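Given next are the chains, with one letter for each unit.
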Amino acid sequence: MIYNIYHETSFNYEGIVSFSHNLARLKPKSNKYQKLLDFSMKVTPHPYEIYDFYDIFHNNTSHMLIREPHEKFTVIGKSKVEILTSTIEEKIATCKTNSITYEAAIKRITLFSPSDLFAKLFLFDSELIPKSSQKIREYAMQSFHPKRDLFEATKEFMTRIYEDFEFVAGFSDVTTPIEKIFEAKQGVCQDFAQFAISALRTIGLPARYMSGYIETIPPKGKQKLFGTDASHAWFSLYIPSIGWVDFDPTNNLIPRDQHILLGYGRDYYDISPLKGVVFSSGESELEVKVDVSRED
Amino acid sequence: MGKAVNNMFNTYRSEASFDEMFDKDKKIRPHWQYLYDKLLEAGNETLKQKQAEIDWHLEDNGVTYNIYNTPKDSNNRPWSLDPIPFIVTEEDWSKVRCGLKQRAKLFNLIFKDIYGEQKLLKENIIPAEVIFGHKGYCLEVFDFGFKENYDLNFYAADLARGPNGNFWVINDRTQAPSGLGYAIENRLTMNVVSNELYPNIDTRKLFVFIQEFKNLINELCGSQMDKAVLLTPGPHNETYFEHAFLSSFLEINLVQGNDLLSKNGSLWLKSLSGLKKINTILRRLDDRYADPLELKNDSQLGTSGLIEAVRQDNLKMINPIGSAILENIGLNPFMNAIADYFLDEELILPQIATWWCGQKKELEYVFENMSSLIIKKIDRTEQIETYFCKKLDTQGIVELKEKVLQNPTQYIAQEEISFSTTPYYHNDHIEPRNAVIRAFVLKQEKEYSVMNGGLVRVSTSKDTFMVSSQRGGTSKDLWILGKKEELDRVVNYNHIPHVDICIQNIPTLQAENLYWLGRYLARSIITARFIRYTVKKLTNFYRFENPSSKEAQKVLENTLTHLTMTYPGFLEKDKEKALQLDQNPMLEINQLIKDKHKQGSLTFTISMLSNTSINVKNLLAMESWKVYDKLDKEWNAFIQKPSHTSRTTLSELDNLLIYLMSYKELVDESMFKEQGLLLFDIGFKIESSLLLISQIRSMLCLKLDKSATYDTLEAILNASESFNAYRASYKSSLLQENVIEFLLLNPQFPKSLTFLTNALLKEFKALPKSKTYLTTYEEPIFKAYTTLKLAKVSQILQLGEDGTIYKNLEGILSELTEYFIEATNELSKTYFSHYDE
Chain A
1 MIYNIYHETS
11 FNYEGIVSFS
21 HNLARLKPKS
31 NKYQKLLDFS
41 MKVTPHPYEI
51 YDFYDIFHNN
61 TSHMLIREPH
71 EKFTVIGKSK
81 VEILTSTIEE
91 KIATCKTNSI
101 TYEAAIKRIT
111 LFSPSDLFAK
121 LFLFDSELIP
131 KSSQKIREYA
141 MQSFHPKRDL
151 FEATKEFMTR
161 IYEDFEFVAG
171 FSDVTTPIEK
181 IFEAKQGVCQ
191 DFAQFAISAL
201 RTIGLPARYM
211 SGYIETIPPK
221 GKQKLFGTDA
231 SHAWFSLYIP
241 SIGWVDFDPT
251 NNLIPRDQHI
261 LLGYGRDYYD
271 ISPLKGVVFS
281 SGESELEVKV
291 DVSRED
Chain B
1 MGKAVNNMFN
11 TYRSEASFDE
21 MFDKDKKIRP
31 HWQYLYDKLL
41 EAGNETLKQK
51 QAEIDWHLED
61 NGVTYNIYNT
71 PKDSNNRPWS
81 LDPIPFIVTE
91 EDWSKVRCGL
101 KQRAKLFNLI
111 FKDIYGEQKL
121 LKENIIPAEV
131 IFGHKGYCLE
141 VFDFGFKENY
151 DLNFYAADLA
161 RGPNGNFWVI
171 NDRTQAPSGL
181 GYAIENRLTM
191 NVVSNELYPN
201 IDTRKLFVFI
211 QEFKNLINEL
221 CGSQMDKAVL
231 LTPGPHNETY
241 FEHAFLSSFL
251 EINLVQGNDL
261 LSKNGSLWLK
271 SLSGLKKINT
281 ILRRLDDRYA
291 DPLELKNDSQ
301 LGTSGLIEAV
311 RQDNLKMINP
321 IGSAILENIG
331 LNPFMNAIAD
341 YFLDEELILP
351 QIATWWCGQK
361 KELEYVFENM
371 SSLIIKKIDR
381 TEQIETYFCK
391 KLDTQGIVEL
401 KEKVLQNPTQ
411 YIAQEEISFS
421 TTPYYHNDHI
431 EPRNAVIRAF
441 VLKQEKEYSV
451 MNGGLVRVST
461 SKDTFMVSSQ
471 RGGTSKDLWI
481 LGKKEELDRV
491 VNYNHIPHVD
501 ICIQNIPTLQ
511 AENLYWLGRY
521 LARSIITARF
531 IRYTVKKLTN
541 FYRFENPSSK
551 EAQKVLENTL
561 THLTMTYPGF
571 LEKDKEKALQ
581 LDQNPMLEIN
591 QLIKDKHKQG
601 SLTFTISMLS
611 NTSINVKNLL
621 AMESWKVYDK
631 LDKEWNAFIQ
641 KPSHTSRTTL
651 SELDNLLIYL
661 MSYKELVDES
671 MFKEQGLLLF
681 DIGFKIESSL
691 LLISQIRSML
701 CLKLDKSATY
711 DTLEAILNAS
721 ESFNAYRASY
731 KSSLLQENVI
741 EFLLLNPQFP
751 KSLTFLTNAL
761 LKEFKALPKS
771 KTYLTTYEEP
781 IFKAYTTLKL
791 AKVSQILQLG
801 EDGTIYKNLE
811 GILSELTEYF
821 IEATNELSKT
831 YFSHYDE
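Heads up: the protein sequence lines correspond to chains A and B, in order.
Residue 1 is where the first sequence starts when you use the working numbering, and the numbers rise one by one after that.
Residue 1 is where the second sequence starts when you use the working numbering, and the numbers rise one by one after that.
Since the hints were derived computationally from the structure, they do not count as laboratory data.
Only a predicted model underlies this, so the values are computations on that prediction, with no experimental measurement involved.
Backbone N, C-alpha and C fix where the C-beta goes; we use that ideal spot for every residue, glycine too.
Don't take each hint at face value.
[Unchecked claim] Calculated cross-link-like contacts (lysine-lysine; reagent style DSS-like; alpha-carbon spacing at most 25 angstroms): (1) B:Lys-135 / A:Lys-131; (2) A:Lys-147 / B:Lys-360; (3) B:Lys-403 / A:Lys-131; (4) A:Lys-107 / B:Lys-119; (5) A:Lys-155 / A:Lys-91; (6) A:Lys-107 / B:Lys-403; (7) B:Lys-48 / B:Lys-147; (8) A:Lys-275 / B:Lys-360.
[Unchecked claim] Distance ranges between label pairs, derived from CB positions: (9) A:His-46 / B:Met-661: 50 to 60 angstroms; (10) A:Tyr-54 / B:Glu-91: 46 to 56 angstroms; (11) A:Tyr-54 / B:Gly-222: 53 to 63 angstroms; (12) B:Lys-361 / A:His-145: 26 to 36 angstroms; (13) A:Tyr-51 / B:Glu-382: 47 to 57 angstroms; (14) B:Glu-382 / A:Gln-142: 48 to 58 angstroms; (15) B:Asp-298 / A:Tyr-54: 19 to 29 angstroms; (16) B:Phe-146 / A:His-46: 28 to 38 angstroms; (17) A:Tyr-54 / B:Ile-348: 36 to 46 angstroms; (18) B:Asp-393 / A:Lys-147: 52 to 62 angstroms; (19) A:His-145 / B:Asn-314: 47 to 57 angstroms; (20) B:Gly-222 / A:Glu-14: 42 to 52 angstroms; (21) A:Leu-111 / B:His-429: 54 to 64 angstroms; (22) B:Thr-645 / A:Glu-179: 37 to 47 angstroms.
Just chain A, with the same shape it has in the complex:
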């Protein structure tokens, strides 16, 4: 399965900006489950300098300096990604056979085991995802009985989020606190992912924030409009006997061949597609256009 992805991000500034430093994370990862076949990035105005580096999670990052007066800053990333379906299916199959109980997982994570070591990076609160309140903990614990299979429990937890929460655009942004999302029981994919991550970390399980895209299929007989897709977010749970397993609470499914990963981190801030520090007094407005299309 091969996808072409178009991801355009713009900042519209209130005034003229003549100097800005920016970090872009728009180049999808290559790993066991997907292969980046092609990537190009177009930046306007043209950057005075660009430096690429990998962050601790091996996400591709570009540092760009813009040094000419401009009112709009646009970065377009175009990528071609092949989803390696067979390795994904293999992985999902092992979830059914190799999973362990919640209790066993907690025990292993609490003790020292070299293979679990770096999963612990995703065990603590981060800037956008603090630990949850007692209420959320109780909500989560309904699915996580000590003797229960961890994979099954998480699947159920995902389904409960899907059923209990309503997808409402415009209610929240990345900084909306998890507690508020829980109270209102509404939000968008980022909120559901961050809510789940917070709950999982609070009950002692490492969870990470996955950022990427999802293929959308237009209603029958309708032509899909270019650029109307959105970027997508889901979460991944560390199951000690298996490794990282992805869950998409927005769509109530285990990602297979329709999810394309951009990168991951502890929360949105670790993998935000574009962030900048600008010398200007005015506000700025963010504009995003995404298109995901399957190559025939």
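Assemble the complex: chain A is given as a structure, and chain B must be docked to it using the hints.
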């Protein structure tokens, strides 16, 4: 010895298990004998006098420790110093020295490992939770430990003496340790009194350490000291005094985040002549604030791109980013294992027994023995959490246990230790107080070196063991007994931060602040004078039963609004409001004086002046700070009073003007032109010119009747304190054409626009980017000068068609305003922005 003298020690009873001066049998420890004798010999009166001398010295040198979150007037807390030093024998200190060297070395190894191979985690020497769960772990520099020179260069430890007489480490500071400057200042101050109090005692000197600090910087910057800077959060920081002081004796530039910008993967210092590359930063801000792009996004203190410069090996730091992870009390329980792992040694300096709650057995022990323990969060990045369990009731203990159970890996428990007390002079007595030593350690090539001295902080009251500068309290000098080192050169200390005395190299922010200091000072003076004149006129209004005074009065009021740009003000279109203002103009004038939220009001302008004044404080002479402090205090007291008569307002304005004028004089004589006074002068002249144009425009463009004209002419001259000068030049009575010629065209009168414009053109030539041709900011001023030179009074004073307005005058003034505004924009673009260099 009289009885009164003995009394000083009479009440000395230490409850601690160890007292520095007296042993268990109340016998004086031998190394204190000399000081004890000398203190008794001196007696209370002498000690009191010496204390006063110390206070005076510290205050006179402007030593302060700002405390956050206190009312504005009291946020500069004077530093205080006890006349009795804390003394330690060479024997004791040599053990401390070995212990600190070892600890610094260990921390460096931990630091490089955490941001490198992470063997300590992989081999379970340190639990991953103690690192990953600590907010000081900086993911952005995850692999920087592999870099050469990515070392813990500067380290400070807090030490206290335990019951067995050994020194214990109680805290580690690894990001940007404070206190060194205060320790040096304390020593300099003690030198003044100790020669008389304790003339025959040999103590180790501090200058060796200062030299070593310079060596360290020199090594990092490749012997190019002009490429090293001290990065401060700015004058509002609690220890800013120290930053200025350190920059002075280390001879490196003191800069703020805004002084720097990054490009080409390097950091550059913005200076008046352009960008200058730097390669070494001694920083006094915390990790998270150093780079808003990659770290804390809303930081106003750092520089975007700083991490990238380090990533590209173009920047070295004391200390490198990421060192916050070492300020981690969760490491304590594992320090012995780490020492064994890396060095095959045992820890030399003891630590307080510490249990990490992330282990099952340890947690059980902690919960069983809770009441005798102190619980602390391992991480003090966001919030310091310390719980003294013996002070908690049953409910408190239950809640604390719950808290720990939620995040056991984030907490440790420590034994509560009784630390030593030391004699402290207070209220005519000498009493025992707890004290903590801050010791300083530096990297010297491959080894570490420990300062033979330190900063001692004394607990705030007799019964507490809370020692913290944030909470106030007092300090002591630390004396290590031993032979004096030979001075191989004279070390000079002064309190002015190091800045290049050369206009080319002035940091841009400094230059910009001086420019605005000039502008705000001119604006304050001119506004205050004009208000004063208007109020005076108002008070005298009913003295003369002349209807034309009313018209002149109106002109004055309108000018006030134009001058301060506080529209609508007296130009109110609403009829009812206008009538109200007409009947009681003091309503509006009082706001113009006192309303600090009203942009353009006198108090608003003064608050802007205060801000810039704080930012350049360290360039100015001490007297000017003192004058400014008084101005600020008295003015704030005045505006807080709810009401007052015109007479008190006038006398307050007089008072303010006297302060403003003396401040201006003191600024003038504090600095060389090349140090930046030039920018101050330029700012002052530009603002004076703009306000002069505004006054002439509002007052002299209207054709008034003879009597009102006379009043207005008198007003414009008086309001700018120019009446006598006018009288000296024009022996005749007041004439419109003469006043215009005098204020606009007179080439000799220093307040005339022609004079100001000409002077500006000369001063521009001394700026570093001056060319043989006219630069973009010179051109408009040159045009202004030409316009003035070509103007003839007779032509200027031609009336327009309706006979009410001097149209040519109005036209010229509006043209001049534009020239000046263009010049200020171009000046800022050329010198203060740097974005296209």
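Q) Of the hints given before, which are not true for this structure? A) 7, 8, 11, 13, 14, 18 and 22
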